[in-house]
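Participant: Throw the hints in and build the complete structure from the sequences for me.
Protein chains: 2
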Amino acid sequence: MKRLMTYAAGACLAAGLALPGVAGAQDGETTTIGVSIPAATHGWTGGVNFHAQEAIDSLEETYPNLDFVLATAGDPGKQVSDVEDMMATRDIDALVILPFESDPLTGPVKRVADAGKFVTVVDRGLAQEGIEDLYVAGDNTAFGRVAGEYFKERMPDGGKIVVLRGIPTTIDNERVEAFQAAIEGSGVEIVGMEHGDWNRDKAFEVMQDFLSKNAEIDAVWASDDDMALGAIEAINQSGREADMWVLGGAGMKQMIERVKSGDAMVPADVTYPPAMIATAIRLTAARFVSNAPMEGRFIIDSVLVTPENADQYYYPDSPF
Amino acid sequence: MKRLMTYAAGACLAAGLALPGVAGAQDGETTTIGVSIPAATHGWTGGVNFHAQEAIDSLEETYPNLDFVLATAGDPGKQVSDVEDMMATRDIDALVILPFESDPLTGPVKRVADAGKFVTVVDRGLAQEGIEDLYVAGDNTAFGRVAGEYFKERMPDGGKIVVLRGIPTTIDNERVEAFQAAIEGSGVEIVGMEHGDWNRDKAFEVMQDFLSKNAEIDAVWASDDDMALGAIEAINQSGREADMWVLGGAGMKQMIERVKSGDAMVPADVTYPPAMIATAIRLTAARFVSNAPMEGRFIIDSVLVTPENADQYYYPDSPF
Numbered sequence: 057m058k059r060l061m062t063y064a065a066g067a068c069l070a071a072g073l074a075l076p077g078v079a080g081a082q083d084g085e086t087t088t089i090g091v092s093i094p095a096a097t098h099g100w101t102g103g104v105n106f107h108a109q110e111a112i113d114s115l116e117e118t119y120p121n122l123d124f125v126l127a128t129a130g131d132p133g134k135q136v137s138d139v140e141d142m143m144a145t146r147d148i149d150a151l152v153i154l155p156f157e158s159d160p161l162t163g164p165v166k167r168v169a170d171a172g173k174f175v176t177v178v179d180r181g182l183a184q185e186g187i188e189d190l191y192v193a194g195d196n197t198a199f200g201r202v203a204g205e206y207f208k209e210r211m212p213d214g215g216k217i218v219v220l221r222g223i224p225t226t227i228d229n230e231r232v233e234a235f236q237a238a239i240e241g242s243g244v245e246i247v248g249m250e251h252g253d254w255n256r257d258k259a260f261e262v263m264q265d266f267l268s269k270n271a272e273i274d275a276v277w278a279s280d281d282d283m284a285l286g287a288i289e290a291i292n293q294s295g296r297e298a299d300m301w302v303l304g305g306a307g308m309k310q311m312i313e314r315v316k317s318g319d320a321m322v323p324a325d326v327t328y329p330p331a332m333i334a335t336a337i338r339l340t341a342a343r344f345v346s347n348a349p350m351e352g353r354f355i356i357d358s359v360l361v362t363p364e365n366a367d368q369y370y371y372p373d374s375p376f
Numbered sequence: 057m058k059r060l061m062t063y064a065a066g067a068c069l070a071a072g073l074a075l076p077g078v079a080g081a082q083d084g085e086t087t088t089i090g091v092s093i094p095a096a097t098h099g100w101t102g103g104v105n106f107h108a109q110e111a112i113d114s115l116e117e118t119y120p121n122l123d124f125v126l127a128t129a130g131d132p133g134k135q136v137s138d139v140e141d142m143m144a145t146r147d148i149d150a151l152v153i154l155p156f157e158s159d160p161l162t163g164p165v166k167r168v169a170d171a172g173k174f175v176t177v178v179d180r181g182l183a184q185e186g187i188e189d190l191y192v193a194g195d196n197t198a199f200g201r202v203a204g205e206y207f208k209e210r211m212p213d214g215g216k217i218v219v220l221r222g223i224p225t226t227i228d229n230e231r232v233e234a235f236q237a238a239i240e241g242s243g244v245e246i247v248g249m250e251h252g253d254w255n256r257d258k259a260f261e262v263m264q265d266f267l268s269k270n271a272e273i274d275a276v277w278a279s280d281d282d283m284a285l286g287a288i289e290a291i292n293q294s295g296r297e298a299d300m301w302v303l304g305g306a307g308m309k310q311m312i313e314r315v316k317s318g319d320a321m322v323p324a325d326v327t328y329p330p331a332m333i334a335t336a337i338r339l340t341a342a343r344f345v346s347n348a349p350m351e352g353r354f355i356i357d358s359v360l361v362t363p364e365n366a367d368q369y370y371y372p373d374s375p376f
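Chains V and F, in that order, are what the protein sequence lines are.
For what it's worth, our numbering labels the leading residue of the first sequence as 57, then goes sequentially.
For what it's worth, our numbering labels the leading residue of the second sequence as 57, then goes sequentially.
Hints in this document: simulated from the structure, not taken from any laboratory.
The reader is advised that the hints may include incorrect statements.
Chain copies aren't distinguished; within one or between two, either way the pair holds.
[Stated by the list, open to error] Only pairs whose alpha carbons sit at most 30 Å apart, straight line, appear in this in silico DSSO-like list of lysine-lysine:
hint, residue 1, residue 2
1, LYS208, LYS166
2, LYS316, LYS166
3, LYS216, LYS166
4, LYS316, LYS208
5, LYS208, LYS269
6, LYS269, LYS316
7, LYS216, LYS316
8, LYS269, LYS258
9, LYS134, LYS166
Facilitator: Structural data, given as structure tokens:
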């Protein structure tokens, strides 16, 4: 984390101090927070867009002296321009950014930090350590472990499963290693494991291959909700939907609906919530409306969603 | 972290959803959050008490349907009773606890979690993993590293320093190891290192001993503000106050005042903020007034405080 902070936020903080809960309202001073996220090009980023807007609307209503600038980018170049614009024309006091890619955004975000602004980085780290004040991210190890523990608990007498992996990345390795560690010593046996690249169509093909090669499959760890949908389609087409269940991951609305409804094929899900952008925005806002320290590293847990708690992870208005 | 959450918070959450920013205000449903902390028996816990009360006052004003129960305990037995009372008579929806000691509190807090309440543990972990939903704590490695980097930067030509350590604990080891790693390869030479047990009087004696044995001391890493005060007293009595400076740690008001005023003997401080209780209370509250995920692990950074940013870490109304 950044060692020295010499910025002008003291004034805003002092305002929050003087009248707790009504940040700066008494002196008319406004804190402007820039939020830069990828455009809603696929399911998860669609959720990010929804939850960012919801958090901003809610915070602007609660704290009239907080002002937000939201920009969405379809590519890293656009995101770099967005960040530069926020500095040049909006004089932001803080930046919350979910970087499209690490490398091209590292320099521009460092310049924001060097200018004394509070910087919050979400989900994907920058290429250089110590730039941001606050880092908010999911927990890939927990994501795999929670899934593995669910298989172990649900299959006390063991069983044969297949695993669809994501794009070969550190993230995918962390998830799969934690999953394997969690099922170790149980009777849960992985009879097939292939990369489905977090892609619905690719997962459909991989699952068709698994089905043709394995007469017995008791369950599928699809490790992602998009891949789960592809796998379920392949299972349905094979007519073997009564034989196996599927665990995805992320917390997609369609999947949470199936969990809520008690669908036997989708008995649970594991979160890797796009709503983490709302966590990051709220913590950054709290930095300006309170004395509470918000510099640090917040790793958001992956939670098992079952019919009992699914309501809590169901966002009816979200696209994801 | 807890795997299954089956509690009744869904209603509160849904209320927050329907009217963002005014949590549950429209249906009159109140969320009650219990806060259990050690009594203000010494400086740091004095700060914890101050910041807990400030966060509660601020949040109750902002969110009329949030209700808090604050209890302070002088010993672990009283804290166990406090927690049991909150469950029995106040029907809390969530508990924020800074445990007096890990072992005696683990069972009682687990019963709160098992009853489906949201549990936030602050600073000192419980004796069993996975009970709490949210863990908020300081960063002992950063505390030592930031201090070491400051010595290295401030003494480019090297120098002789003495180090006062805390009570022999994992916390102290983590801090000192990170400090030593940070000054490695620099000309900063540790000519004496002894345990001052985070105690002002003990630190005074240890520093007297250092002074009598070392004709040249250029700086002191007191590693704690209470120990820094003891060390400074010994230095002043020796008449060598012009020869050396002292770096403490925690963010005690007296020390931040000296940093602010440009005191040559106290050029900086490193935070280990008692205000982390406010962070924990605000994140727990956000769990009930928003959709933002708050389950996870938030490690609060230790920040270098210099005359440039000292205002931001100065709480004039706090006892600490």
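Participant: Now, for every hint given, state plainly whether the structure supports it.
Facilitator: Hints versus structure:
no.	hint	result
1	LYS208 <-> LYS166	between (44 Å within a copy, 23 Å between copies)
2	LYS316 <-> LYS166	between (43 Å within a copy, 27 Å between copies)
3	LYS216 <-> LYS166	neither (49 Å within a copy, 35 Å between copies)
4	LYS316 <-> LYS208	within (22 Å within a copy, 57 Å between copies)
5	LYS208 <-> LYS269	within (24 Å within a copy, 62 Å between copies)
6	LYS269 <-> LYS316	neither (32 Å within a copy, 71 Å between copies)
7	LYS216 <-> LYS316	within (26 Å within a copy, 65 Å between copies)
8	LYS269 <-> LYS258	within (17 Å within a copy, 72 Å between copies)
9	LYS134 <-> LYS166	within (17 Å within a copy, 48 Å between copies)
Checked against the numbered hints given earlier, this structure breaks hints 3, 6; the rest are met.
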